[in-house]
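Visitor: All chains, full assembly: derive it from the sequences and hints.
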Amino acid sequence: MMSNPGKASFNTDGAISRRGAEGRGMDLYQRLLDEAVENVDYRDLIAVSPDAAVGEAIKQMKTRRLGCVVVVDNAGKPQGIFTERLVVKLLLRSDGKSGNAMAEPVSQHMLTPPAIVKPGASVAELFDCMESNKTRFVCVVDGAGRASAVVGQKGVVKFLASHYPHVVQGNTLESTLNVKTREGA
Amino acid sequence: MPRPKRSSIEDGAFRDPLSDYSEPEYVDNLHRILEEQTITYVKHQPYTCVDESMPIEEVLKKMATLDIACVMATRDGRLTGIFSERDVLDRVAESFATVCHDPIATVMTRSPSTIYESEAVAKALGLMAIGGFRHVPILNVDDRVIGIIGPRRVNTYLRLCIEGSQAA
Chain A
417 MMSNPGKASF
427 NTDGAISRRG
437 AEGRGMDLYQ
447 RLLDEAVENV
457 DYRDLIAVSP
467 DAAVGEAIKQ
477 MKTRRLGCVV
487 VVDNAGKPQG
497 IFTERLVVKL
507 LLRSDGKSGN
517 AMAEPVSQHM
527 LTPPAIVKPG
537 ASVAELFDCM
547 ESNKTRFVCV
557 VDGAGRASAV
567 VGQKGVVKFL
577 ASHYPHVVQG
587 NTLESTLNVK
597 TREGA
Chain B
-18 MPRPKRSSIE
-8 DGAFRDPLSD
2 YSEPEYVDNL
12 HRILEEQTIT
22 YVKHQPYTCV
32 DESMPIEEVL
42 KKMATLDIAC
52 VMATRDGRLT
62 GIFSERDVLD
72 RVAESFATVC
82 HDPIATVMTR
92 SPSTIYESEA
102 VAKALGLMAI
112 GGFRHVPILN
122 VDDRVIGIIG
132 PRRVNTYLRL
142 CIEGSQAA
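Top to bottom, those sequences are chains A and B. For the first sequence, our numbering gives the first residue as 417, with consecutive numbering after it. For the second sequence, our numbering gives the first residue as -18, with consecutive numbering after it.
None of these hints come from the bench; they were simulated from the model. For every residue, glycine included, the Cβ atom is placed at its ideal position computed from N, Cα and C. All clues stand as given, with none of them false.
To spell it out: a stretch of chain B is covered by chain A in this simulated footprint if at least three of its residues, at any positions, have a beta carbon under 8 angstroms from a beta carbon of chain A; those stretches are:
#1 0 to 12
#2 31 to 44
#3 67 to 76
#4 110 to 120
#5 133 to 139
Guide: As structure tokens, then:
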């Protein structure tokens, strides 16, 4: 759930005023408050029904290269989220039956309630949502509350980096220049 | 052909090569932080290293107990690979029973992208945003691991900077 629904709450407790942000990345601060979650890179949603097997969820996460699946009900509303972190814990089940866990329904192991955000919410709210839920992924829901996409922490990093494109690109290029021999040698 | 006369301090032609140096201009304070602060300003500890010969099952237990997303694998104290939840999904989950006693070296991602402790925060941001790396080990000048950063640590750091809580 969002920590402060309906409020641009990057400074959740109101401790930091806008004045305090002047000269400290003010434009970016403003962007975080003004721009909507839909400006962050969405990841394609992997939605499964509650009775889908854990093994099937894992297969889909692997094939589609996403760290989570969203468990949805018949109406498409998110009921829970199943993540890579849970896979590690399942493999180590104390009963030694990790193999059987693959056949169990994903709803038995998912995290509930899922962290959700609306596309119109600000990026600052998304930031808050991730921190308060201590989660890497947040499910984006449409007006009817149906799951439509997923945003992850990497998307937020990309959003922040996009504010300083030359800085980030320049630094990445430098890191890839592994010159072995001298020019002309 | 006569060689051009080299200037020297004595003949008064010396010119300070830095006389036209101008300080870099930053659009805002966060821009300055990204360029000037080294990656060690970002929280990069705790971190976990294991020997690359450690069995996969032991590594998973460590990850679950410490509630961490990845470990760094070393041989003789040198970084050789990284093993994250993504590797668990890709190479372990579906064959855990048969590979659980194998060494981590068989399933880890080798030669991960790294960053030196003296490099700027901007480089880490670039590696993540453009390179797509989630976890980036930090090395010292002797190529020894001194920490690791991930999106959560970077995001938290930038947030603190924006809010002005971070000493700039």
